[in-house]
Amino acid sequence: MEALLLSIRLSVTVSAILFAIGLPLAYWLTFSDWPGKFLVEAVVALPLVLPPTVLGFYLLVAMGSQGPLGRFWQAAFGHGLAFTFTGLVIASVLYSLPFAVQPLVASFEGVDRKLLDASSVLGAGRLRTFLRVILPLSIPGVISAAVLSFAHTLGEFGVVLMVGGNLAGATRTVSIEIYDRVQSMDYTEANHIALGLLIFSFVVLSIVYGVNRHLGRRIWSPWPAK
Amino acid sequence: MAGKMTLLALTVRVHVERSPRRSRKFVLDVALEFPPGVTVIFGPSGAGKSTLLDCIAGLLKPQKGRIAAGDEVFFESNAGEGTDAKAAVDIRPERRHIGYVFQSLSLFPHMSVLRNVTYGLSNLPPAQQNQRASEILSAFRIETLASREPGELSGGEQQRVALARSLVTQPRVLLLDEPMTGLDTELKASITKDLLSWNDQHKIPILYVTHNREEAAALGGRTIFLKNGKVTEQAESPMPAVQVRES
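Protein chains in written order, with the numbering used here: chain D, 1 to 226; chain U, 227 to 473.
Keep in mind the hints are simulated off the structure, nothing from the lab. Where hints are given, some of them may not hold.
As the list claims (entries may be wrong) - Under the rule of at most 25 Å between Cα atoms (straight-line distance), these lysine to aspartate or glutamate pairs were calculated in the DMTMM-like manner:
| id | chain 1 | residue 1 | chain 2 | residue 2 |
| --- | --- | --- | --- | --- |
| 1 | D | Lys114 | U | Asp316 |
| 2 | U | Lys287 | D | Glu109 |
| 3 | U | Lys251 | D | Glu189 |
| 4 | D | Lys114 | U | Glu459 |
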């Protein structure tokens, strides 16, 4: 139970951070004309192809007591980053970044550019155009991004093990807990936790996709039509 | 240029070169003045009509030239520069205060007619927004559509909403890019009448792009013929009426 709560706390935190980072990043990736943009796209997509252990390894090195991030954290907050919940959050944000950014980019790209021209001719600056036109028309992409960030963080294993280790209450997430139980031949308990995670994930995804499909964007839109 | 009221003419001198990847180089090079009232810009597709409007609206940046409404300069390139030089003046589209109705109309599909129309009035207090909106909605005879969404409207109604949305901001210039494509002759005439009667009071330059002779003749006013990025003819009188082919 402790592990499940920790996993949910991690997923919620990471999803919220990814939402805040993902929106401006996806906007930039969609609308920037910078010639070197493809490099940033490649970096954002890296976690899709890298084994989690590779990402986890480099993050562990960076967060270690000799690593740049670890030393900075030590100087700023008086404690290290590796094997802490905060370290886990940072690692998970990087690992799940493409799952947040790519659905957002896809839906921003789907917005008719003429609508953006119309908005700017009508006197709206970029921020207003984004909030009033791009975002409301991208609600399905925003929901996908949120759900995928959450679900992907909930289910991650390799990066957590590399960066967080296995500390009860701090970094032992539900997937690590299941692995632990299996290692100690406790299949019954492993089954209970695994089943709980499966049902939880299924229910969350069903609710979100079901609501999105049947009620459409209107219910989610912060700016209702009338 | 000076008239009974403060009538402002639009002066446009632009040189635009575009080299799309898979087609031949296109050059638009024109110097024109648009007094208040309707000017029809007539020409075949690919003549540079929409490019010209995009430059005026600020959606496309010319390599060289000057665009101004009265004394207010929207765009001015440095004199004697290469084609890559930065513009000395280049006002962003949202600050130019120009009305632009696209061929696609581009109404915001997720907003009601009223929200579409008040979109350009965000700097005004809500009471004033509503007053201006209701005035323009009744001028274009669409007050009953205020709470509808664009997807529920007919082509003619959408056209009226698009015009109302552009004109409610009281722009200095109105650009119309083949806005009546697909409407029948009667509907076109009725919308044109409402537009012209609106402009009897406001007297702004209206640039009406079309490749349809009937539309051009019906609007009256001056006509500019554009072909391959060049002005081939300017007529001060309305385009001669041609045999009207009913569509």
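Against the structure, the hints come out as follows:
{"no.": "1", "hint": "Lys114(D) <-> Asp316(U)", "result": "21 Å, holds"}
{"no.": "2", "hint": "Lys287(U) <-> Glu109(D)", "result": "22 Å, holds"}
{"no.": "3", "hint": "Lys251(U) <-> Glu189(D)", "result": "71 Å, violated"}
{"no.": "4", "hint": "Lys114(D) <-> Glu459(U)", "result": "31 Å, violated"}
The structure fails to meet hints 3, 4 from the earlier list, while all remaining hints are met.
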